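J.: If you read the protein sequences in the order shown, they are chains A and B.
Position 40, counted from 1, in the first sequence is what our numbering calls 40; the numbers after and before it change by one each time, with no gaps.
Position 101, counted from 1, in the second sequence is what our numbering calls 101; the numbers after and before it change by one each time, with no gaps.
Source of the hints: derived by calculation from the structure; they are not laboratory data.
In this text, all values refer to a predicted model and were calculated from it rather than measured experimentally.
Certain hints may be false.
Listed next, the stretches of chain A that the computed footprint assigns to chain B, with coverage defined by at least 3 CB atoms under 8 Å from CB atoms of chain B [as the list claims (entries may be wrong)]:
id	region
1	46-54
2	87-95
Listed below are the simulated DSS-like cross-link pairs for lysine-lysine, each with C-alpha atoms no more than 25 Å apart in a straight line [said to hold, decoys possible]:
id	chain 1	residue 1	chain 2	residue 2
3	B	Lys9	B	Lys41
4	B	Lys9	B	Lys22
5	A	Lys109	B	Lys9
6	A	Lys109	B	Lys36
7	B	Lys41	A	Lys49
8	A	Lys106	B	Lys36
9	A	Lys61	B	Lys41
10	B	Lys36	A	Lys49
11	B	Lys52	B	Lys67
12	A	Lys106	A	Lys68
13	A	Lys109	B	Lys40
14	B	Lys41	A	Lys106
15	A	Lys106	B	Lys40
16	A	Lys49	A	Lys109
17	A	Lys61	A	Lys49
18	B	Lys71	B	Lys52
19	A	Lys109	B	Lys41
20	B	Lys19	B	Lys41
21	B	Lys9	A	Lys106
22	B	Lys44	A	Lys109
23	A	Lys49	B	Lys44
24	B	Lys67	B	Lys44
25	B	Lys19	B	Lys9
26	A	Lys106	B	Lys44
27	B	Lys22	B	Lys67
Heads up, the beta-carbon is just placed ideally off N, CA and C, and yes, glycines get one too.
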Amino acid sequence: AQSVTQPDIHITVSEGASLELRCNYSYGATPYLFWYVQSPGQGLQLLLKYFSGDTLVQGIKGFEAEFKRSQSSFNLRKPSVHWSDAAEYFCAVGSGAGSYQLTFGKGTKLSVIP
Amino acid sequence: DTAVSQTPKYLVTQMGNDKSIKCEQNLGHDTMYWYKQDSKKFLKIMFSYNNKELIINETVPNRFSPKSPDKAHLNLHINSLELGDSAVYFCASSQPLAAEQYFGPGTRLTVT
Chain A
1 AQSVTQPDIH ITVSEGASLE LRCNYSYGAT PYLFWYVQSP GQGLQLLLKY
51 FSGDTLVQGI KGFEAEFKRS QSSFNLRKPS VHWSDAAEYF CAVGSGAGSY
101 QLTFGKGTKL SVIP
Chain B
1 DTAVSQTPKY LVTQMGNDKS IKCEQNLGHD TMYWYKQDSK KFLKIMFSYN
51 NKELIINETV PNRFSPKSPD KAHLNLHINS LELGDSAVYF CASSQPLAAE
101 QYFGPGTRLT VT
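All chains, please: the whole structure from these sequences, using the hints.
T.: Right under this line is the structure:
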């Protein structure tokens, strides 16, 4: 069964600082990986996804993530955080196109200090 | 234009009541989902429908019954509501042969 671990429950960074949110997955084959963001009181918005190819993927709002098969990781990064990035971030793994099943991590809450 | 919409956004009701949450998507997707997000923000899939056919039915009490009148709509009916049903319920949709899902804004259900 697939699973996702986000080791950090809550991270606080200063505005303008760099950010890395960790995600480790467990899946037997090549996974489909996603990062979603949930602002307070809102639904989930897709930030970026990895299916195959280049292991460094670019997303919206200046985010990027790197797939490292050897470490079973898909960490999310941003070089300079803005106050509006404060939100809950979810990593998710899917077993492939048309599989219909996404498994989510428990989320990392990001707080930004002005 | 809202891609995935849910109504109502907030629902407060008493134990034992029956309630429904509606979901509509205008993305032309064939697959729709219901997720439950608990108070600790954990997201768990409940149901998935593909082209009006139920394809995922996780361990969910029988009191929860999804209904898909057409590909653009997936409603969730809950009978005999319990305190533990309080949560945020999200609807989502995806394209055929794609993996990424698009989420609605959520319905916060509070059972008192």
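J.: Take the hints in turn and mark each one as holding or not.
T.: Against the structure, the hints:
Figure legend: the region 46-54 of chain A, annotated as covered by chain B; annotation consistent (3 residues with Cβ-Cβ distances under 8 Å, at least 3 required). Interface restraint, the region 87-95 of chain A with chain B: holds (3 residues with C-beta to C-beta distance below 8 Å; minimum three). Our distance criterion of 25 Å between C-alpha atoms is met by B/Lys9 and B/Lys41, whose separation comes to about 17 Å. Restraint check for B/Lys9 and B/Lys22: satisfied, since their Cα atoms lie roughly 10 Å apart, inside the 25 Å limit.
Of the pairs offered as hints, the one joining A/Lys109 and B/Lys9 holds, with about 23 Å between alpha carbons and a cut-off of 25 Å not exceeded. Straight-line distance between C-alpha atoms of A/Lys109 and B/Lys36 comes to about 18 Å, which keeps the hinted pair within the 25 Å bound. Restraint check: the Cα-Cα separation between B/Lys41 and A/Lys49 comes to about 21 Å, which is no more than 25 Å; the hinted pair holds. At roughly 13 Å between alpha-carbon atoms, A/Lys106 and B/Lys36 fall within 25 Å of each other, so this suggested pair holds.
Restraint check for A/Lys61 and B/Lys41: satisfied, since their Cα atoms lie roughly 23 Å apart, inside the 25 Å limit. For a cut-off of 25 Å, the pair hint linking B/Lys36 to A/Lys49 stands: about 22 Å separates their Cα positions. Note on B/Lys52 and B/Lys67: the hinted pairing holds, with a Cα-Cα distance of about 8 Å set against a maximum of 25 Å. Only pairs whose Cα atoms come within 25 Å are accepted, and A/Lys106 paired with A/Lys68 is accepted, the gap being roughly 20 Å.
Of the pairs offered as hints, the one joining A/Lys109 and B/Lys40 holds, with about 11 Å between alpha carbons and a cut-off of 25 Å not exceeded. For the given pair, B/Lys41 sits about 7 Å from A/Lys106 by alpha-carbon distance, which is consistent with the 25 Å threshold. The straight-line distance between the Cα atoms of A/Lys106 and B/Lys40 is roughly 8 Å, inside the 25 Å bound, and the hint therefore holds. In summary, the hint linking A/Lys49 to A/Lys109 is supported, as the alpha carbons are separated by about 20 Å, within the 25 Å threshold.
Note on A/Lys61 and A/Lys49: the hinted pairing holds, with a Cα-Cα distance of about 14 Å set against a maximum of 25 Å. Distance restraint check for B/Lys71 and B/Lys52: the Cα-Cα separation of roughly 6 Å lies within the 25 Å cut-off, and the hinted pair is therefore satisfied. For the given pair, A/Lys109 sits about 10 Å from B/Lys41 by alpha-carbon distance, which is consistent with the 25 Å threshold. A threshold of 25 Å between alpha carbons decides the hint, and for B/Lys19 with B/Lys41 the separation of about 22 Å falls inside it, so the pair holds.
Between B/Lys9 and A/Lys106 the CA atoms are separated by roughly 23 Å; this keeps the pair inside 25 Å, and the hint holds. Annotation: proposed proximity of B/Lys44 to A/Lys109 holds, straight-line Cα distance about 18 Å (limit 25 Å). For the given pair, A/Lys49 sits about 19 Å from B/Lys44 by alpha-carbon distance, which is consistent with the 25 Å threshold. The hinted pair formed by B/Lys67 and B/Lys44 meets the criterion: a straight-line CA distance of about 19 Å does not exceed 25 Å.
As the CA atoms of B/Lys19 and B/Lys9 are separated by approximately 13 Å, the hinted pair is consistent with the 25 Å bound. Taken as a hint, the A/Lys106 and B/Lys44 pair is honoured in the structure, with Cα atoms around 10 Å apart against an allowance of 25 Å. Note on B/Lys22 and B/Lys67: the hinted pairing holds, with a Cα-Cα distance of about 10 Å set against a maximum of 25 Å.
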